[in-house]
Every structure is written in structure tokens, then in C-alpha cells.
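**Student:** Here are the chains, one letter per residue:
Protein chains: 2
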Amino acid sequence: MTAQGGAFDVVEYYHDLVAKDPSISMPVAAVSSLVKVVEQQRATTMSEFMKIVRAASEVLKEATHRSISVSAGCDVFLQQMARLSHAQGVEECRDALISAGNNFVMTAGQCRDQVAEIGSPFVRDDQTILIHSYSRVIMGLLHRAVKQNKRFRVYVTESRPDKSGLRAADELLKLGVPCEVVLDAAVGYIMEKVDLVLVGAEGVVESGGLINKVGTYQLAIIAKAAKKPFYALAESYKFVRLYPLSQYDLPTYRSDLLAFKDSGNVDWQTELQENNPTLDYTPPEYITLLFTDLGVMTPSGVSDELIKFYLD
Amino acid sequence: MTAQGGAFDVVEYYHDLVAKDPSISMPVAAVSSLVKVVEQQRATTMSEFMKIVRAASEVLKEATHRSISVSAGCDVFLQQMARLSHAQGVEECRDALISAGNNFVMTAGQCRDQVAEIGSPFVRDDQTILIHSYSRVIMGLLHRAVKQNKRFRVYVTESRPDKSGLRAADELLKLGVPCEVVLDAAVGYIMEKVDLVLVGAEGVVESGGLINKVGTYQLAIIAKAAKKPFYALAESYKFVRLYPLSQYDLPTYRSDLLAFKDSGNVDWQTELQENNPTLDYTPPEYITLLFTDLGVMTPSGVSDELIKFYLD
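Residue numbers (the working numbering), protein chains in the order written: chain A, 129 to 440; chain B, 129 to 440.
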């Protein structure tokens with residue numbers, strides 16, 4: 129599992145980064161790791177150099193089970209490399225890429241704050257907000273709204289199987305925000321009392337849709353049926369070059385997900401924990417607006433940004 | 129908690145019935161209990177007689193936390209009493225009511241079989257069926273389809289918080305039906321692969337909508353968005369005289385359901401288990417057809433039947 133070009137283990141480095149700083153976001157850790165690869169490699173030709181970086185990126189994606197957000201970070205870095213490689217020699221490209229990567233890592237931390245700043249005017253006094261699962265960017269936005277002395281209430285979905293909603297509820301209580309956890313099956317029941325829905329994203333795709341914790345898609349369907357605004361929050365480095373055509377067209381898809389069992393003693397708990405999907409895809413028609421550090425966007429605005437970035 | 133008119137305890141009798149025969153349906157147990165009340169009472173005037181029976185019915189409803197299906201049984205019985213009281217004296221009314229009640233209890237057992245018979249043509253070879261939670265009438269229909277050598281697959285929702293879907297999955301495995309449990313949050317994910325949705329009902333209301341285990345409503349919304357047929361199964365004695373205007377207009381509604389918490393240490397597990405709704409209301413526009421022992425009906429057909437029954 130070591131990347132070509134030496135004894136440096138990109139996967140180990142990546143896991144170290146995440147372990148040392150639990151608040152680091154995965155695309156940022158991925159870019160940091162690839163910067164390290166670039167620093168360590170000793171390629172003499174441009175094609176060798178690019179091959180090493182691409183291989184390391186592939187190793188990293190594979191080792192993280194093709195995580196959408198790791199892929200997003202890798203893709204941003206590879207695109208940067210492709211752009212820099214056109215004009216320059218190996219040495220210059222190497223230095224420029226390291227500096228671009230470090231710059232990305234430095235500014236990425238601010239992205240979450242920018243999203244919170246851009247999104248917070250949408251949270252108003254006396255609103256009831258429904259959030260799904262645990263998302264750092266949502267917690268950031270709600271934290272900012274509390275600091276602005278806004279008073280609002282939050283419903284949080286339990287978000288099985290890992291019950292990550294409970295973590296969000298705990299944090300909200302500490303912030304002094306009245307909140308309550310809601311069964312994943314009770315979203316339809318509660319939607320009538322909700323003023324707006326906020327979700328985070330693992331990745332925002334080229335269609336303008338988003339990939340996020342399982343349950344996001346049905347939340348969006350239910351919100352649309354009840355004509356409630358559905359806002360997604362995402363840092364721009366989560367934009368990924370994917371165009372899923374269905375729920376089963378995601379990089380995390382495995383054919384044994386939700387496979388039918390027909391004999392013997394089946395441990396249903398294991399099925400729920402391990403053989404159910406962890407992510408789903410929400411098509412753009414269900415998303416009212418996206419709050420990103422590039423501004424408030426419609427789903428089609430995201431497509432435009434992505435095309436611009438990758439055509440540059 | 130004893131009903132007026134003697135030492136007979138209608139609530140205790142009801143709970144005994146349910147404990148002795150776990151397969152008894154609640155409306156049937158309620159009617160059986162009220163028959164016993166009628167047998168035990170010693171009223172001398174018609175008005176006293178009706179007062180005793182109405183009081184017993186009220187005590188029973190209250191003791192079962194206004195359970196929709198117990199209410200359904202009680203309402204059928206009270207309607208029968210009102211009808212018989214018009215023409216006859218106390219003695220005759222008493223005897224006729226006992227005989228009508230016993231007759232109801234005897235034939236009720238067949239209703240579930242009739243629903244299975246009427247619904248089973250809708251299950252065809254090679255279909256993928258999504259069911260919600262555990263429902264005896266659905267298990268009856270699927271059992272019949274298996275006996276007819278139909279081959280199909282079933283997705284079952286986990287149906288938190290009591291995880292009743294796991295019980296359904298166990299029974300289906302024993303019947304040799306390939307099945308898999310699905311997170312309550314993964315219904316949107318899986319709907320594309322589903323051919324039809326089957327749900328049971330605690331009660332079918334005057335609008336033609338239904339009251340059932342929480343999650344049914346959002347299942348129906350998601351099915352409609354994916355243009356999949358959504359069939360509800362219900363014995364006709366589950367038709368109830370209710371016209372809910374929203375989710376919060378059900379007899380089981382409590383104001384502390386999903387109340388916001390704003391301080392201290394909250395046990396979220398308790399919130400999920402005890403302060404989340406157990407039932408929700410699915411409006412008629414989401415229901416494709418209802419399979420009942422009176423035949424296959426549209427939601428508006430149910431309204432007609434209910435009006436007919438209570439106007440008679």
C-alpha cells in the first residue's frame with residue numbers, strides 16, 4: 129500500500145493526520161498527504177512525476193473505500209497538477225504544486241466559516257429547523273446563529289445505524305439551543321412543523337445534486353412534498369467530478385448492499401450495520417439552494433462552477 | 129377502573145383476552161369485552177343500559193391510551209347498540225346485542241383471510257415488495273402468495289424504535305421468502321428497486337386515509353414520488369369514525385410528544401423510545417388502493433362504506 133517513489137506510505141500519513149486532528153476535513157487531509165508525496169518523490173521526467181502522484185491518489189482513494197470526500201480532495205489536487213504541468217518543467221511544477229497544495233490546506237479551514245457566514249442570514253428568529261445526522265458545517269452555521277442571538281429550535285434525526293444525530297443533539301444542548309431527536313421514520317410526521325431543512329454533504333456532484341449520509345434523499349423528498357425549503361451546506365472543495373445516474377451509481381456502491389437473504393439464521397443487526405447503504409444521492413430537483421464558500425448557489429450554479437474549474 | 133354496573137372489570141377482562149390469545153386482534157378483544165359488560169349489567173331502563181355500555185367503552189379506550197384499533201371495535205359495538213335500541217326494550221336489546229357481538233367475534237377471524245384472498249392477485253412472480261414494520265394481515269397475504277407458488281422478494285423496514293420489522297423478516301425467512309431489512313432512512317434509496325409497497329393499518333379513517341405505525345406516511349410520500357403503487361391492507365372492522373386534519377389531530381396525540389429539550393442531561397434513547405410518535409396518519413391521496421374484506425377499494429370507496437355503516 130505504499131505509493132511508488134519510495135518508502136513513504138501515503139495511507140499511513142493520511143490516517144495519522146486524521147487521528148491527530150479529528151476536526152480536519154477529509155479532503156484537506158487528502159491534499160496534505162498528496163503534498164507530502166510530491167515532496168518525497170524523486171522523479172526526473174514530468175510523465176514519471178505525474179504517474180507517481182496519480183498512483184498515490186489512487187492508493188489513497190482505494191484505502192479509504194472510495195470515500196467521496198477523499199476523492200474530492202484528490203481530484204482537486206490532480207486537476208491543479210494537470211494545470212501546472214502544461215507550462216513548466218518537473219522542478220517548477222513540483223514547487224508550484226507544493227505551494228498550491230499548502231495554500232489550499234491553509235485556506236480550507238476558512239471555508240467552513242465562510243459557509244456559516246453566507247448561510248446564517250437564512251436562519252431567523254423563532255424558526256424550527258430540521259437537520260439530518262451530524263455535520264460540522266451545519267454545527268458551525270448554527271453556532272454562528274446562536275452568537276448572533278438568534279433564537280430557534282432544532283429537530284435532529286437519529287440517523288441510524290450510527291445514531292450520529294445524538295451527537296448533534298448533545299452539542300446543540302450545550303449551545304443552549306432547544307432541540308429534540310426524531311426517529312428516522314418520523315420525518316414525515318414532523319415536517320409540517322418545520323420551517324427549513326439543513327443538510328451537509330460528503331460531496332456535491334456535477335448535476336448540482338449531493339451525496340450525503342443515507343436518509344438525506346428521503347428527507348429531501350418529504351420536504352419537497354411539504355413545500356419546505358431544503359438547503360445543503362458544502363465547502364467548495366467538496367465539489368466532485370461525478371454524475372450519478374441513480375442511487376446505485378455511486379463510487380461507494382457494492383453489489384452485496386441490501387442483498388436478499390434466503391436461508392438460515394441471519395443476524396439482522398449486522399445487515400443493518402454493514403449491508404445497508406451509508407450514503408445516498410439527492411438529485412438537484414430536490415435542493416432549494418446550496419450554501420458554499422463561493423456564495424449561495426442554485427444546483428445549476430454548482431454545475432457551472434464545476435465545469436469552469438475543470439475546464440480551466 | 130371498573131365499569132359501572134357491578135364488580136366486573138372490563139379492562140382486566142380485555143387484557144386477559146389479549147394475554148391468552150396473542151393472535152387476537154384488538155378490535156375483536158374490545159368487542160368481546162363489551163359483550164361481557166352487556167352480559168353482566170343489570171340495568172332496568174334503556175337509558176341506564178346504554179349509559180353503562182358507553183361508560184365501559186370509554187374506560188376501555190382510556191385504559192388502552194386511546195388505541196385506534198380498540199376505539200374502532202368499541203365504535204362498531206356502540207353503533208350496533210344505537211341501532212338495536214331504537215325499536216326494542218332492554219331485554220330484547222341486550223340479547224340482540226350479545227348475539228350481534230358474538231357473531232362479530234366469530235366472523236372477524238375470517239376477515240384477515242378474506243383480505244389475503246382479495247389482495248393476493250396483486251402479488252405476482254418476480255416482484256420486489258416493500259413492507260413496513262410487522263403486520264399480521266400482510267403476513268397472511270404473503271403466506272397465501274407463497275402457498276400459490278409465487279416467487280417474490282421482500283424488503284422490510286427496520287421500523288424503529290421497537291424494530292418490529294425484524295420479526296417480519298424472521299417469519300419471511302421461515303416461509304422461504306428471500307428478504308432483507310432496510311434502515312428506516314434507506315427507504316428513499318431502495319424505492320427505485322421496489323415494484324409495490326404493502327402496509328397494514330391500525331385504523332382506516334373517514335377520509336379514506338389510514339393510521340398506522342410511524343413511518344407509513346413518509347413511505348407513502350416516497351412511493352408516490354417514485355410512482356410506485358402503495359397498497360394498504362385492513363379488515364373492515366378497522367374502519368373508524370375519525371377525520372384527522374393533520375398528524376397532530378390523532379387520538380394518540382400528546383403535547384409532550386417531540387417536545388423540545390433545552391437543558392441538562394437528556395437521555396436521547398428515552399426520547400426516541402417514549403417521546404416520539406408511535407403512529408402517523410397517511411392522507412388518502414397517497415394510497416393507491418385498499419384491500420379489505422369488503423373488496424378492493426379506493427380511498428373514496430372507504431368513505432362511502434363508513435358513511436353507509438354509520439347512517440344505517
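What the hints contain is simulated information worked out from the structure, not anything from laboratory work.
Keep in mind that this is a model prediction, so the values were computed, not measured.
Treat the hints loosely; a few may be bogus.
As the list claims (entries may be wrong) - Mimicking DSS-like on lysine-lysine, the simulated pairs with C-alpha atoms at most 27 Å apart in a straight line are: (1) B/K148 / A/K291; (2) A/K291 / A/K352; (3) A/K275 / B/K389; (4) B/K352 / A/K321; (5) A/K389 / B/K389; (6) B/K278 / A/K355; (7) B/K189 / B/K278; (8) A/K355 / B/K302; (9) A/K389 / B/K278; (10) B/K355 / A/K291; (11) A/K355 / B/K355; (12) B/K278 / A/K352; (13) B/K189 / A/K389; (14) A/K321 / B/K389; (15) B/K389 / A/K278.
**Student:** For every hint, state whether the structure bears it out.
**Tutor:** For each hint, the structure was consulted:
At roughly 37 Å between alpha-carbon atoms, B/K148 and A/K291 are farther apart than 27 Å, so this suggested pair is violated. With a C-alpha separation of about 24 Å, the suggested pair A/K291 and A/K352 falls inside the 27 Å cut-off, and the hint holds. Only pairs whose Cα atoms come within 27 Å are accepted, and A/K275 paired with B/K389 is accepted, the gap being roughly 20 Å. Note on B/K352 and A/K321: the hinted pairing holds, with a Cα-Cα distance of about 21 Å set against a maximum of 27 Å.
Between A/K389 and B/K389 the CA atoms are separated by roughly 41 Å; this puts the pair beyond 27 Å, and the hint is violated. Between B/K278 and A/K355, the direct Cα distance comes to roughly 40 Å. Violation of the 27 Å bound is thereby established for this hinted pair. Straight-line distance between C-alpha atoms of B/K189 and B/K278 comes to about 41 Å, which puts the hinted pair past the 27 Å bound. Only pairs whose Cα atoms come within 27 Å are accepted, and A/K355 paired with B/K302 is rejected, the gap being roughly 43 Å.
Taking the CA atoms of A/K389 and B/K278, the gap is about 17 Å. The hint holds against a cut of 27 Å. Proximity of B/K355 to A/K291 is assessed by CA-CA distance (about 30 Å); at most 27 Å being required, the pair is judged violated. Distance restraint check for A/K355 and B/K355: the Cα-Cα separation of roughly 19 Å lies within the 27 Å cut-off, and the hinted pair is therefore satisfied. For the hint pairing B/K278 with A/K352, the CA-to-CA distance comes to about 37 Å; that exceeds 27 Å, so the pair is violated.
Pair hint B/K189 plus A/K389 does not hold up; C-alpha atoms about 41 Å apart against a cutoff of 27 Å. At most 27 Å may separate the alpha-carbon atoms for a hinted pair to count; A/K321 and B/K389 meet this at roughly 16 Å. Taking the CA atoms of B/K389 and A/K278, the gap is near 17 Å; set against the 27 Å cutoff, the hint holds.
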